[in-house]
Amino acid sequence: MIKVKNNHRTLNKYSKAFYHDWGIMTIKELKEKSILYRETTLRIIRDSQSGHTGGDLSCIDILNVLYNEILNISPDRVNDPDRDRYVQSKGHAAEALYAVLSENGFMPKEWTKNVGGYLSPATGHPTKNIPGIEQNTGALGHGLPMAVGMAIAGKMDGRAYRVFTLMGDGELAEGTNWEASMAASHYRLDNLIVIVDRNGLQISGTTEEVMALEPLRAKFESFGFCVREVDGNDVAALCSVLKEVPFEKGRPSLVIAHTIKGKGVSFMENQVQWHHAVPTDEQFRQAILELENERMAL
Amino acid sequence: MLRPVEKGIANLECMASVLTAHAEKDSSIIVVTSDSRSSGKVSGFARQFPRQLVEVGIAEQDSVGISAGLASCNKKVFTVSPGSFLSARALEQVKNDVAYSQNPVALIGISSGVSYGGLGATHHSIHDLAVLQAIPGLEVIVPADNNETEAALVSYLENPRPVYIRFGKKAMPRFYQAPDEVKIGKVSVLNEGDDLLILAIGEPLWPAYDAAVALESSGVRCSLASVHTLCPIDRDTIIELASHSRGIITVEEHSVYGGLGSTVAALLMEAGIYRPMKIIGFPREEMVTGSQSDLFRHYGIDAENIRKTAMDLLNRN
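If you read the protein sequences in the order shown, they are chains A and B.
Going by the working numbering, the letters in the first sequence line up with residues 580 to 877, in that order.
Going by the working numbering, the letters in the second sequence line up with residues 7 to 323, in that order.
None of these hints come from the bench; they were simulated from the model.
Bear in mind that the values here come from a model prediction, so they are computed numbers and not experimental data.
Check the hints yourself; a few may be wrong.
To be verified - Here are the in silico distance ranges between beta carbons for each label pair:
#, chain 1, residue 1, chain 2, residue 2, range
1, B, Tyr-263, A, Gly-784, 37 to 47 Å
2, B, Glu-98, A, Ser-819, 33 to 43 Å
3, B, Asp-32, A, Gly-695, 37 to 47 Å
4, B, Met-275, A, Val-789, 45 to 55 Å
Claimed, not checked - Capping the alpha-carbon separation at 30 Å, the derived lysine-lysine pairs in BS3-like fashion look like this:
#, chain 1, residue 1, chain 2, residue 2
5, B, Lys-13, B, Lys-314
6, A, Lys-692, B, Lys-101
7, B, Lys-284, B, Lys-176
8, B, Lys-101, A, Lys-707
9, A, Lys-688, A, Lys-707
10, A, Lys-692, A, Lys-707
Glycine residues also receive a C-beta, built at the ideal position from the N, C-alpha and C atoms.
Pulled out of the complex, with its shape left as it was, chain A reads as follows (with noise of 0.2 Å):
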């Protein structure tokens, strides 16, 4: 067995010290992040005419953070060894990720005109193909297992990376999850950030009616994560609590982001039937069109 070694704790770029002082991004411009990743967002989906709406909005400003002010990658690095990892465990949430990756220089914005068309270099769900992306997921509940092997190699090599990995809530009924959590608290990783966005919504209906999830916050807390909530769609609060990882030495950290399924547009907000629906050429600018008053609204 591996013995966990505290490697965490050096004061390095890559520490906590480091990012309370990083600030590279107003709470504005953050904002503003946000709403052009939800653009871009909407286009893609209608321009390859599929894809996952309300899960990719309800995401985007926890990866708006993630990517903006947390994880320690850029375009030119995504082969370092010491970069952070992201896994996005709830891969259909591809075009948000795919939004956030070509708006930010890691793949071209070209790439993201036929989603999962013939030939593109995009599939629907994340792969290796993109700069910058991990691991080739879309299955669910295979994410977290990944990322504890990560984090283990991590400790292993006493290098000072953390690993985070996104899950929709509805996937947390995959067993798999629930493996790797004793796995992460069992190995101490406390360089492991699992986030949770939790909209409470999956395909066939709320997580609640489909397989009840709650008491989630203490299910992860008896499983030994260190737990706090936050709401997933408030760019400041998620900077706040996503600079304080590890929450405590010694154990992985979990964050509940209490989002909004369809996020930034009215008529897709908290409605299943968006789950992958694509909107109409009126849908489109009417959404649009809300996103283009909320910047103005800045």
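For chain A, the structure is supplied; the task is to place chain B on it using the hints.
Relative to chain A, chain B alone:
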């Protein structure tokens, strides 16, 4: 003439000694176990290299997912778990996290085939080759002896890639003098003769060898070859050997569907090589209870049945 075989040890024990020898100089070698270190013969490795062992408990899906994560961070990962569970319970992790994501994990299927014998169908893996052959990006290797075992492991260590390596439990004779006689990816030809071609994979190479010796003493000249690398299969050598034979027998510790026999039959048909052929393996029916050797005998994976099948095929009765 077939070379006499020498005594060997169980391939799993051989694997453990190869891993231990390499781990001494390569700290990137990691063994992942799912409460399987004893049955996988890696208890000694675990004691000697505790920092290079990751125990995940009885959770095979998790073991493969964690292995994929480790491999993506430049570890050489050997995931040791019964073949039945690796190739069925953890199949989606093998398909997506290892093969599709191209994370270079060596999936070590232990006690595979019917090695668990009387423990029953829950513990048998006579489907694994069929299932795993259909997954792109995954190699499938079934070593028959200690030399093939070492060659397979060294081939992974020199070139880490997604691979399933299937082991049984039985102490096997050594069909070669050294591991470098085995080329992973190539069929190993142990004997050449124009009357009959016997192709075997894994532990059934032993009864196939004994049958070939008996047939030679009856005047039947046999080619005998070990197809340790099932995927990608050495198509050219098999076509060459088959085109010089009058009949073909394949022998495997696997269902007759989707393993060595059906793969060889398909590639020969496509190549236009038509020969009388018999696939020896397990039928698609509920298996009787018994030890591995009981089951081999019951289903004809034994030297006498292979010999008799050969004589029937060549109309020598």
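We went through each hint and held it up to the structure:
Taking 37 to 47 Å as the suggested C-beta distance range, the pair B/Tyr-263 and A/Gly-784 conforms, at roughly 41 Å. Taken as a hint, the range 33 to 43 Å holds for the pair B/Glu-98 and A/Ser-819, whose Cβ atoms sit roughly 37 Å apart. Checking the proposed 37 to 47 Å range against B/Asp-32 and A/Gly-695 shows it holds: the Cβ atoms sit about 41 Å from each other. In this structure the supplied range 45 to 55 Å holds for B/Met-275 paired with A/Val-789, their Cβ-Cβ distance being about 48 Å.
Our distance criterion of 30 Å between C-alpha atoms is met by B/Lys-13 and B/Lys-314, whose separation comes to about 26 Å. Between A/Lys-692 and B/Lys-101 the alpha-carbon distance is near 28 Å, which keeps this suggested pair within the 30 Å criterion. Straight-line distance between C-alpha atoms of B/Lys-284 and B/Lys-176 comes to about 25 Å, which keeps the hinted pair within the 30 Å bound. For the proposed pair B/Lys-101 and A/Lys-707, the alpha carbon gap of about 15 Å is at most 30 Å, so the pair holds.
Restraint check: the Cα-Cα separation between A/Lys-688 and A/Lys-707 comes to about 16 Å, which is no more than 30 Å; the hinted pair holds. Of the supplied pair hints, the one linking A/Lys-692 and A/Lys-707 holds, its CA atoms being roughly 18 Å apart against a limit of 30 Å.
Checked against the numbered hints given earlier, this structure breaks none of them.
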